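A.B. asks: Listed below are the residues making up each chain.
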Amino acid sequence: MSLDKIQSIPYGKEVIKIKNISLAFGGVKALTNVSFEVKKGEVFAIIGPNGAGKSSMLNVINGFYKPTSGQINFAGEDRKEMIPEFAAKSGIARTFQNIALFKGMSTLDNLMTGRLLKQKQNFLMQALYFGPVQKEEAYHRDKVERVIDFLDLQAIRRTPVGSLPYGLQKRVELGRALAMEPEILLLDEPMAGMNVEEKQDMSRFVLTANDEFKTTIVLIEHDMSVVMDISDRIVVLDYGKKIGEGKPSEILKNKAVIDAYLGVAD
Amino acid sequence: MIYKETGQFKSTYESDHSIFPLIQDKIAFNILMLVAFLVVPFFIDSYWEKAILIPFLIYSMAAIGLNILTGYCGQVSLGTGGFMAVGAFATYKIMTFFPELNIMIIVLLSGVITAFVGILFGLPSLRIKGFYLAVATLASQFFIIWLFNKVPWFYNYSDTGQITVSERTMFGVAVTGANAPPYATYLFCLILVVVLGFAAKNMIRSKIGRSWMAIRDMDIAAEIIGVPPLKTKLSAFAISSFYIGIAGSLYFAVYLGALEVTESFDIMAISFPVLFMIIIGGLGSMLGSFLGAAFIVLLPIFLKNVMVDLIGLSAVTAKHFEITIWGLLMVVFLILEPHGLARLWSIAKEKLRKWPFPY
Numbered sequence: 001m002s003l004d005k006i007q008s009i010p011y012g013k014e015v016i017k018i019k020n021i022s023l024a025f026g027g028v029k030a031l032t033n034v035s036f037e038v039k040k041g042e043v044f045a046i047i048g049p050n051g052a053g054k055s056s057m058l059n060v061i062n063g064f065y066k067p068t069s070g071q072i073n074f075a076g077e078d079r080k081e082m083i084p085e086f087a088a089k090s091g092i093a094r095t096f097q098n099i100a101l102f103k104g105m106s107t108l109d110n111l112m113t114g115r116l117l118k119q120k121q122n123f124l125m126q127a128l129y130f131g132p133v134q135k136e137e138a139y140h141r142d143k144v145e146r147v148i149d150f151l152d153l154q155a156i157r158r159t160p161v162g163s164l165p166y167g168l169q170k171r172v173e174l175g176r177a178l179a180m181e182p183e184i185l186l187l188d189e190p191m192a193g194m195n196v197e198e199k200q201d202m203s204r205f206v207l208t209a210n211d212e213f214k215t216t217i218v219l220i221e222h223d224m225s226v227v228m229d230i231s232d233r234i235v236v237l238d239y240g241k242k243i244g245e246g247k248p249s250e251i252l253k254n255k256a257v258i259d260a261y262l263g264v265a266d
Numbered sequence: 001m002i003y004k005e006t007g008q009f010k011s012t013y014e015s016d017h018s019i020f021p022l023i024q025d026k027i028a029f030n031i032l033m034l035v036a037f038l039v040v041p042f043f044i045d046s047y048w049e050k051a052i053l054i055p056f057l058i059y060s061m062a063a064i065g066l067n068i069l070t071g072y073c074g075q076v077s078l079g080t081g082g083f084m085a086v087g088a089f090a091t092y093k094i095m096t097f098f099p100e101l102n103i104m105i106i107v108l109l110s111g112v113i114t115a116f117v118g119i120l121f122g123l124p125s126l127r128i129k130g131f132y133l134a135v136a137t138l139a140s141q142f143f144i145i146w147l148f149n150k151v152p153w154f155y156n157y158s159d160t161g162q163i164t165v166s167e168r169t170m171f172g173v174a175v176t177g178a179n180a181p182p183y184a185t186y187l188f189c190l191i192l193v194v195v196l197g198f199a200a201k202n203m204i205r206s207k208i209g210r211s212w213m214a215i216r217d218m219d220i221a222a223e224i225i226g227v228p229p230l231k232t233k234l235s236a237f238a239i240s241s242f243y244i245g246i247a248g249s250l251y252f253a254v255y256l257g258a259l260e261v262t263e264s265f266d267i268m269a270i271s272f273p274v275l276f277m278i279i280i281g282g283l284g285s286m287l288g289s290f291l292g293a294a295f296i297v298l299l300p301i302f303l304k305n306v307m308v309d310l311i312g313l314s315a316v317t318a319k320h321f322e323i324t325i326w327g328l329l330m331v332v333f334l335i336l337e338p339h340g341l342a343r344l345w346s347i348a349k350e351k352l353r354k355w356p357f358p359y
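Residue numbers (this note's numbering), protein chains in the order written: chain A, 1 to 266; chain B, 1 to 359.
Calculated directly from the structure, the hints in this document are not laboratory data.
Among these hints, one or two may not hold up.
Said to hold, decoys possible - Some but not every residue of chain A turned toward chain B, in silico, with C-beta under 8 Å:
id: 1; residue: P84
id: 2; residue: K89
id: 3; residue: N98
id: 4; residue: A100
id: 5; residue: Y239
Please read all numbers here as calculations on a predicted model, not as lab measurements.
Beta carbons are placed, not taken as given, at the ideal position from N, Cα and C, and that holds for glycine.
Same shape as in the complex, but just chain B (with noise of 0.2 Å):
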């Protein structure tokens, strides 16, 4: 009932091939950004903007990227904290060399620098797949990781080793830096997301994207086919490291103003994190970039707040318990819906459609 589809008829393929075909979903995706845009800014305090809404923006950016790269054209990655650091370090050294630079600029550049590191390690994948490509990319994050610690130029030979962010401003709002509002803040993040969001749907329903999959799928068929193996994964790579440099951009700039790169983009703190995401939320679907990054990010905080605030256990205690149950959930996600939230979600429009009287 909910879901009716009867009566809604496509007369052009245009309109066949659109990003919501049924009137249903657009209405929902619509109130759903004007509730984004026009109601959100006016509320957000920064508990709302550090702990929730900004993280889930930035990993779902990751998790887009990822999934261009891991879901869609079946290149597994684990070097997503390497890319991300690339990402946030392109920032910082920007940021140094033109003070004048709009802050959106600067972090669309990174974007693209990051983008050109992607190709750099993509290189390896025509001739490797799978564990074995997964694991190159590890030596990837690894090697990331040890050069921004080890050449002092990428953190402009401060002492500690931070980089720190420094105000920048649009339309007269600081953006970032510790005076930024946090409906400055989450504003430019939302944009960012939502138009970049739509570019990654739209490339993935238009050709490049039906290249990846092809490759995904079967790379032998695809070659015949015409589709050639090495620019297709590089393109993949590309615009993959394009997304996770702007998630680590926004992740330094916006997020945390300061950060040690060790800590910050390590596996276990990024690359692992937003790998889950994607697997949690659905590989290859953009639907489950966001489900799986609001997943990881709300997580941890409803179950402390069941545990420290509900059940009254210590914050220690309750830290503890937190790893255990998201490792279980995780085993028992994986052996029940392996195919992630987006999945789920299908299933229940499926039902939806026919509810209340199913036949």
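If we strip away everything but chain A, and leave its shape as in the complex, we get (with noise of 0.2 Å):
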């Protein structure tokens, strides 16, 4: 399977299918049975309480957990489990709970190793340095600095990212996924710890990198008013098992989830 595939698929057909997928560590079940379908080009959401399984299930979706038991079908692709690298040829991007920067790494460095991928030039030609290694040099730093506009990073391009404030590594963060220019799109708690007007501006990047490049966007949030405005579909996890799925104003009646997040009232 590869990057065309994905591409090939229409908007609004399941791009991501998972199915039984089941993952334990020993005697833990992190994950079990659950399946669920992405649809291209949507706003999906996992949410669930703390230890829920949210993090497990996008850490199998990109390879980096390999699942007890169960399917991940990509692209009309059975798959029993992915590997990290295969996950990002074929077009998927994610962002880390905790952030997972190039601490020595400028901004501008950051986004461009996720264009890594995407260079073809080998090292001989890199050593010597000439036409096509700086054509293709230009040609990413160009594709590059539009993730820095569309961000707002101009100003810490050459800043290294290890002295950059919480919520500007986060934006980094994103910044390096979307330099990738990935067809899916994994964001894990992507608001995580920040304050309203970040989250604003957080929600405006994923939005609008949901709607001017079609990425299809899962992602993992505590914060609830966020996720039932942001997301087309939710699917909700409680110790490791789906126990809802459907439209925000779906899942705020379910019954289930309520009592999950509240408890139950004896």
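With the hints as a guide, bring both chains together as one complex.
C.D. replies: In structure tokens form, the structure reads like this:
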């Protein structure tokens, strides 16, 4: 399966199908028989209380964890497991809950690493650094500059990201994922620890990415007002099991979801 | 004032991404190159050659190599001495087998051979990191030295176990052997260091360099982006060993002329000093590789001049003091400026930007 296959799927059709995925670490069952589908071009949210298995689900999707059982169907092709490199090549990018940036590198270099898979010159050409390599670098720099403009990162272009404040680091990480020009973007709590304005900014970026670049977005988020506002569909996990799926309005009325979040009255 | 950036506009990404984006840096570098290529060769004598310039160039080459691996890719290595020995013995064996081959080709081939050995010893790096990898590379250091001592084929069954260089010429001038004039050996090393230095800088500022740094800073995130960890680490080992192998080749063929492996490529003689060079110079900095090499080469000479010639200590006492001062400086340095001389230089540059009217 390749990038082309994902690209050839029409919008609104399923691009990822999770079929009966279970994941266990020894005796701990992180996920049990979870199935859902993500449609191309939508904003899909995975929610649930702490320890529900949301991050594990993302890790399964992009190949960090190998599921104990079940299958993932990517663009019509069944896979037992993914490897991260393969996921990257088929157009899946992600951000992490606790920022995973390249701290010693500048914002610009961080974003440029997002373009690595698209750069084709070999190392000997790079060592000589003439015509084609220079052209390639400039081409990708141009793409990266668009992301920088989009996310308002101009002022921190040359700053090492390790010294940036938290909110900006989150934004740079989103930028690095966007620089990959992904078909599917997995966001693990992109708004954790942000204040209201930062959340608004981030929501705007996510929605614009979805709208303009037609990126499919799978996101984990704890802020329910954000989730209900920006997502098209939601799946709810609790203790590794799926307890609800549907449009935000449906989820709000779902008894099992309300019980999971608020507890059950005796 | 001196480092005024005002008025220097870049209108293309190519020019923005150049090695010396500031005109001042470019001018300074060009002057340095002019002096190095056109002035120094006319004035160089054998003291400057053997004591300062050749060791500086060779150690710079080794430091660039180690900096690629440790500074840019984050893989700690204590095997520099071993890899330099591989370069030296490769040169020796190629010289014996192909007496007619040009010395430049011999040196480059030795680098290639060392690169393959580097890949071999880099294989454990996929599984182990940090201190554990350092110990694994330490094992490679001891193994390689042992091998070159144990198997007589490597030193052509000579009685002493020494390897000796034979005379090779370029454009009719000897660059190796006892009769090589100082300017020839100097220019030979200088050309290699400048050309390969630029090659290293180019790799660092393009795709391969960014994937090394990505692996160094956060290997999980690098994998997510599509950087293959094994391939990237091995490429760092290979290219780093290429540079270190060439340093070893020059160390043997141009600098020493004859050597014995245990003594010349000992961990205390090569591996640690080169590691200190990149730490003092600055991890992950090209400039740092050169500054570190200069520091380590010049410091003993400076101390000896001061203590023996100025103060009048005996040579042995001076040597003892030298070792003490060296260690002391190392500790002081690590505490005061852990990012090395390269950082000091960038701080100085920052100050010069505003001098003499800081705001």
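A.B. asks: Using the nearest Cβ pair, does K89 of chain A come within less than 8 Å of chain B?
C.D. replies: Holds. Min distance 6 Å.
A.B. asks: Under 8 Å, Cβ to Cβ, is where A100 of chain A needs to be relative to chain B, so tell me if that hint holds or is violated.
C.D. replies: holds (4 Å)
A.B. asks: Tell me if the interface restraint on P84 of chain A is satisfied: Cβ within less than 8 Å of some Cβ in chain B.
C.D. replies: holds (4 Å)
A.B. asks: Mind checking the CB of N98 of chain A against every CB in chain B and telling me if the closest is under 8 Å?
C.D. replies: Interface hint status for N98 of chain A: violated (11 Å vs cutoff 8 Å).
A.B. asks: For the restraint on Y239 of chain A, tell me whether the closest CB of chain B is nearer than 8 Å.
C.D. replies: violated (26 Å)
Checked against the numbered hints above, the structure violates hints 3, 5; every other hint is satisfied.
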